[in-house]
Amino acid sequence: MKSLLVNVVGLIIVSLSGSFAFAPSKIRRANGMKNGNGNGAAVAEDLLLRLMAPADSDFEKPIPVKDPDANSAVDENKYNVDAEAAADIWTVSVSPDDRLDRVAGVPFLDSKSKNHFVDDVRVIVRRDGGMGIELLELAGGRDDDFGLTIVSGVSGNAEKAGIIAGDSITSVEVKKVTTSSGGSNESREMFDCECKNFDTTIGLLGSFPPEIDSIVLNLKRIRRWPKINVVVEYPPIQCAEGVSNTETVELFAGENLKRALQNRGIIFEDRDAEKLMKNNPKCRLSCKTVVGFNMQEGDIRLRINLNEWTADDKKSESRNPFFSK
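Position 112 (the sequence shown) corresponds to 112 in the working numbering; numbering is contiguous.
By construction, these hints were calculated from the structure, which means they are not laboratory data.
Since this is a predicted model, take the numbers as computed values, not measurements.
Among the hints, a few may not be true.
Each computed EDC-like pair below joins lysine to aspartate or glutamate, with the alpha-carbon atoms no more than 20 angstroms apart [as the list claims (entries may be wrong)]:
(1) Lys160 x Asp144
(2) Lys288 x Asp299
(3) Lys175 x Asp213
Sequences are here, hints too, so could you generate the full structure?
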């Protein structure tokens, strides 16, 4: 058990347990990787955006929620689901408008469940002796080749590469080497197969010449959202006689702490804080705390509306490690 105090107006963290962590104030920027279809800066920017959560203020930069290189990074495979569950959760969606990461009108893989999310996985699979992938079509029969195909079984090279049943192949990358008088030139080609039917997917996987000994598969994988249990303590003076002053809510990893509590009905009524804002009209209070940094689960206990707590309340069974009786 360890304790932590954060500089959030009206909040105090009383206790912290499990593998939970708050987001640090700084994060190392992800390095860009050059490939045949784009430049390193674009790849780095896209990766960085994926690891960010919205800031509480419109004028602030997004808040980092994940750093894969940190010591506190969790093996995300612990949140994988089995093939049967994945088959029930997978769906195909279409965005009506252009978005940051996709074009309007183009089908993409999505999750039916708010308790699960779609993650990106990239693996290299050798082709000698066969790839060892079994496919299952969940939806198809269209003239435009769109559908929903997932991996139903793995063995051999696919299993060694880390593919699991329930994954869906979204694209295939192959390396090509061309030789000329000026020397050899290496390039990569990418072939899209997201939201395609069985015939299109299996046809693509079998279309490459034998001299290509390995291919890169970009996969989508269903994973369970890590959750944090938060016990919120109200000042006893704000509760009716005989009514518990605690309430337990469940937050998803990566959420902004204060905004998530407000969305779940937690009421912040600190009269002194209101006076503070009245005397500082140009100031804006915000909470930058992100829960579940690096996809960690855990438990938190916190107190709100701090100025409403009386001295007796603070002394009575206080679990605040920063308060001396």
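Subject >> Pairwise hint evaluation, Asp144 against Lys160, where the allowed Cα distance is 20 angstroms at most >> reply: Given pair Lys160, Asp144 is violated - Cα atoms ~33 angstroms apart, limit 20 angstroms.
Original post:
Under the criterion that the straight-line Cα-Cα distance not exceed 20 angstroms, is the pair Lys288, Asp299 satisfied?
Top reply: Holds - the C-alpha atoms of Asp299 and Lys288 are around 19 angstroms apart, at most 20 angstroms.
Subject >> Proposed proximity, Asp213 with Lys175 (alpha carbon, max 20 angstroms) >> reply: Distance of about 10 angstroms is within 20 angstroms: holds.
Consistency note: the structure conflicts with earlier hint 1 alone.
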